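**Student:** Chain by chain, the residues:
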Amino acid sequence: MSFDINTLRKDFPILETEISGRKLVYFDNAATTQKPAVVVKALETYYDSYNANIHRGIHYLAEKATAAFEETRKTVRAFLNAASTEEIIFTYGTTDAINLVAYTYGRKFLKEGDEILISTLEHHSNIVPWQMLCEEKGCVLKVIPIDDNGDLILEEFDRLLSEKTKLVSVVHVSNALGTINPVEYIIQKAHEAGAKVLIDGAQACSHIPVDVQQLDADFYVLSAHKLFGPTGTGILYGKKELLLAMPPFRGGGEMIKEVTFEKTTYADLPYKFEAGTPNIADVITFKYALDYFNALDKEGLRRHEHELLDYATEKLEALEGVKIIGKAPQKISVVSFVMENIHPQDIGIILDQQGIAVRTGHHCTQPLMQRFGIPGTARASFAPYNTKEEIDALISGLLKVKKFLA
Amino acid sequence: MSINEIQDEIIETFELFDDWEEKYEYIIDLGKKLAGLDDQYKTEDNIIKGCQSVVWLHAHLEGDKVIFEADSQAIIVKGLVSMLLKVLSGHTPDEILNTDLYFIEKTGLSSHLAQTRSNGLASMVKQMKAYALGYKTLLEKQNQS
Ligand SMILES: Cc1ncc(COP(=O)(O)O)c(C=O)c1O
Numbered sequence: 001m002s003f004d005i006n007t008l009r010k011d012f013p014i015l016e017t018e019i020s021g022r023k024l025v026y027f028d029n030a031a032t033t034q035k036p037a038v039v040v041k042a043l044e045t046y047y048d049s050y051n052a053n054i055h056r057g058i059h060y061l062a063e064k065a066t067a068a069f070e071e072t073r074k075t076v077r078a079f080l081n082a083a084s085t086e087e088i089i090f091t092y093g094t095t096d097a098i099n100l101v102a103y104t105y106g107r108k109f110l111k112e113g114d115e116i117l118i119s120t121l122e123h124h125s126n127i128v129p130w131q132m133l134c135e136e137k138g139c140v141l142k143v144i145p146i147d148d149n150g151d152l153i154l155e156e157f158d159r160l161l162s163e164k165t166k167l168v169s170v171v172h173v174s175n176a177l178g179t180i181n182p183v184e185y186i187i188q189k190a191h192e193a194g195a196k197v198l199i200d201g202a203q204a205c206s207h208i209p210v211d212v213q214q215l216d217a218d219f220y221v222l223s224a225h226k227l228f229g230p231t232g233t234g235i236l237y238g239k240k241e242l243l244l245a246m247p248p249f250r251g252g253g254e255m256i257k258e259v260t261f262e263k264t265t266y267a268d269l270p271y272k273f274e275a276g277t278p279n280i281a282d283v284i285t286f287k288y289a290l291d292y293f294n295a296l297d298k299e300g301l302r303r304h305e306h307e308l309l310d311y312a313t314e315k316l317e318a319l320e321g322v323k324i325i326g327k328a329p330q331k332i333s334v335v336s337f338v339m340e341n342i343h344p345q346d347i348g349i350i351l352d353q354q355g356i357a358v359r360t361g362h363h364c365t366q367p368l369m370q371r372f373g374i375p376g377t378a379r380a381s382f383a384p385y386n387t388k389e390e391i392d393a394l395i396s397g398l399l400k401v402k403k404f405l406a
Numbered sequence: 407m408s409i410n411e412i413q414d415e416i417i418e419t420f421e422l423f424d425d426w427e428e429k430y431e432y433i434i435d436l437g438k439k440l441a442g443l444d445d446q447y448k449t450e451d452n453i454i455k456g457c458q459s460v461v462w463l464h465a466h467l468e469g470d471k472v473i474f475e476a477d478s479q480a481i482i483v484k485g486l487v488s489m490l491l492k493v494l495s496g497h498t499p500d501e502i503l504n505t506d507l508y509f510i511e512k513t514g515l516s517s518h519l520a521q522t523r524s525n526g527l528a529s530m531v532k533q534m535k536a537y538a539l540g541y542k543t544l545l546e547k548q549n550q551s
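Going down the list, the sequences are from chains A and B. The letter at position 116 of the first sequence is residue 116 when you use our numbering, and the numbering goes up by one with no holes. Numbering-wise, our numbering comes out as the position in the second sequence, counting from 1, plus 406.
If we strip away everything but chain A, and leave its shape as in the complex, we get (with noise of 0.2 Å):
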């Protein structure tokens, strides 16, 4: 199937929205993807045909609820290549599915002086629960810092790694400036010194394949909602030999095997860290958004994303007073900038009074808006749906923004 923009473009319903009057162009896909009609469908379909709970009813609608729920599973481990849907477990989110790795394996496998490596371009849920672990445990946080460019400082990595660090905890795409890190190599390396690796895929997962067993990952973690399909589903990989001797998150019912009072046994993977009903419509939904994505021209969709990419950054260093934050060779289709003597925040408003949805602020990484010594960006992030002339819009937005504030 070829790459065709037009005919993408229908499958997103929301696109059509007009604000005051003006058709949206939403540049926010980095905080979350549009949804395809067919994941809406499948949502509906589900609740209108066959809700139930899963793993515990004998009839009808249970049985095809749950062979839904796992058949989400199969395609989830499909996606990220995984040996087996055993190390493939549903959490929230990439928040949630980093706590339950801080809170399990980093409970009990961390001790007092061990230390915990991550990077100046880290989201905050890949920051506080290592902090949170750091506190109880008397762990160590370090930090592997970044050039200007906004690129990982290899060096200063393999001179951080050490026999005392148990884990290394980094982002495969920054959400903030779209860098993406060299993972396979931070991987080994980190494997050499004895440390385990946790990949947060939250931005990668739309832009770039991810095979987990090339990758030899960990952990990899990841959010639905940033990959078309609904929120408050999430999933968390792990290498079997790890899950199987991590101890449970929480406790309640589907994560046990037997229950009495005096002790109780804990079920098989993965339902061990699956505790309580789940939010089985979003995870049952979230096969119709991977089917969606797998299906697209991976090929198509990539250059496309290129150009738009290629197409900003000309277009945004061609406005006079306008810097842009984060200029790694190897990006995604996100471009984060300032302007001279605006506030980012003054940017979001006057944009989005034109229809123009981006994010502004310090996107969760204020560590890293402290470390280019600013309080925050204006990021435009796209998704396969944008084009040019809306590229275009957010350019003549911009320069409304310069008009009335400069």
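Each hint should be verified, as a subset may be incorrect.
[Stated by the list, open to error] The list that follows gives simulated cross-link-like pairs (lysine-lysine, PhoX-like), each with its CA atoms no further than 25 Å apart:
no., chain 1, residue 1, chain 2, residue 2
1, B, 439, A, 402
2, A, 402, B, 438
3, A, 402, B, 429
4, B, 439, A, 403
5, A, 400, B, 547
6, A, 23, B, 429
7, B, 547, B, 532
8, B, 438, A, 323
9, B, 438, A, 403
10, A, 400, B, 429
[Said to hold, decoys possible] Chain A residues, not near chain B, derived (Cβ > 10 Å throughout):
no., residue
11, 14
12, 24
13, 66
14, 81
15, 109
16, 128
17, 131
18, 155
19, 187
20, 248
21, 275
22, 367
23, 375
By construction, these hints were calculated from the structure, which means they are not laboratory data. What you are looking at is a predicted structure, and each value in this text was computed from that prediction instead of being measured. Just so it is clear, CB atoms sit at the ideal spot from N, CA and C, and this is done for glycine as well.
Mind docking chain B with the ligand on chain A? Use the hints.
**Tutor:** What follows is chain B with the ligand alone, placed relative to chain A:
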């Protein structure tokens, strides 16, 4: 002028605007004209939490009136802050505490400003009322002694 008279005046001004551009030009102009705060008052303690851009608020008492001064890094927010100052600064603690701020709703600013930003403004109003309450107690104590 009473607080409500000032609010009504602002609402009347906004009724004259035809489109968002005029509205925002006006707000931006207010922001540019607001004197802002002396650096000594731009302290961590004076920062209003809940705003995307940093907003500082400082208050002091002149006679029985509370005087507010404020500043922001972002100009549109500074314009909005300027309106809040215009409405609430220079009144007694009781007047401030008993005010229903209807101008934000009536000028259509709440719908023009996304929730997060109005929340920032809401925290600012809350902080202004907290100052008023503090000064009310202080004034009552002074009157007793
Ligand atoms: C890189 C990165 N990590 C983690 C997260 C957190 O994802 P969620 O809020 O879906 O848990 C995000 C989302 O903004 C992100 O971009």
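**Student:** If a hint holds in the structure, say so; if it doesn't, say that too.
**Tutor:** Hints, one by one, checked against the model:
1. For the proposed pair residue 439 of chain B and residue 402 of chain A, the alpha carbon gap of about 18 Å is at most 25 Å, so the pair holds.
2. Restraint check for residue 402 of chain A and residue 438 of chain B: satisfied, since their Cα atoms lie roughly 15 Å apart, inside the 25 Å limit.
3. Distance restraint check for residue 402 of chain A and residue 429 of chain B: the Cα-Cα separation of roughly 16 Å lies within the 25 Å cut-off, and the hinted pair is therefore satisfied.
4. About 17 Å separates the Cα atoms of residue 439 of chain B and residue 403 of chain A, which keeps this hinted pair within 25 Å; it holds.
5. Between the alpha carbons of residue 400 of chain A and residue 547 of chain B the distance comes to roughly 53 Å, so the proposed pair goes past 25 Å and is violated.
6. Of the pairs offered as hints, the one joining residue 23 of chain A and residue 429 of chain B holds, with about 21 Å between alpha carbons and a cut-off of 25 Å not exceeded.
7. Using a Cα cut-off of 25 Å, the hinted pair residue 547 of chain B and residue 532 of chain B holds, with the two alpha carbons roughly 23 Å apart.
8. Between residue 438 of chain B and residue 323 of chain A, the direct Cα distance comes to roughly 23 Å. Compliance with the 25 Å bound is thereby established for this hinted pair.
9. Distance check on the hinted pair: residue 438 of chain B and residue 403 of chain A sit about 14 Å apart at the alpha-carbon level, within 25 Å; holds.
10. Restraint check: the Cα-Cα separation between residue 400 of chain A and residue 429 of chain B comes to about 14 Å, which is no more than 25 Å; the hinted pair holds.
11. The claim that residue 14 of chain A lies off the interface holds: its Cβ sits roughly 17 Å from the closest Cβ of chain B, which is beyond the 10 Å cut-off.
12. Under the 10 Å C-beta cut-off, the non-interface status given to residue 24 of chain A relative to chain B holds; the minimum distance is some 14 Å.
13. Listed as a non-interface residue, residue 66 of chain A keeps its Cβ farther than 10 Å from every Cβ of chain B; the least gap is roughly 38 Å.
14. Every CB of chain B is more than 10 Å from the CB of residue 81 of chain A (nearest about 39 Å), matching its label as outside the interface.
15. The claim that residue 109 of chain A is not at the interface with chain B holds, since no C-beta of that chain comes within 10 Å of its own (minimum 37 Å).
16. Every CB of chain B lies more than 10 Å from the CB of residue 128 of chain A, the least distance being 18 Å, so the non-interface label holds.
17. At roughly 20 Å, the least C-beta separation between residue 131 of chain A and chain B is larger than 10 Å, which holds for a residue marked as non-interface.
18. No beta-carbon of chain B is positioned within 10 Å of the beta-carbon of residue 155 of chain A; the least distance is around 35 Å.
19. Look at residue 187 of chain A: its CB is around 36 Å from the nearest CB on chain B, clear of 10 Å, so calling it non-interface holds up.
20. Separation of residue 248 of chain A from chain B is adequate, the least Cβ-Cβ distance of about 36 Å exceeding the 10 Å criterion.
21. For residue 275 of chain A, the non-interface assignment is confirmed: its Cβ lies about 33 Å from the closest Cβ of chain B, beyond the 10 Å cut-off.
22. Annotated as non-interface, residue 367 of chain A keeps its C-beta farther than 10 Å from every C-beta of chain B; the closest such distance is 17 Å.
23. Interface exclusion of residue 375 of chain A from chain B breaks down, the closest Cβ pair being 6 Å apart, not more than 10 Å.
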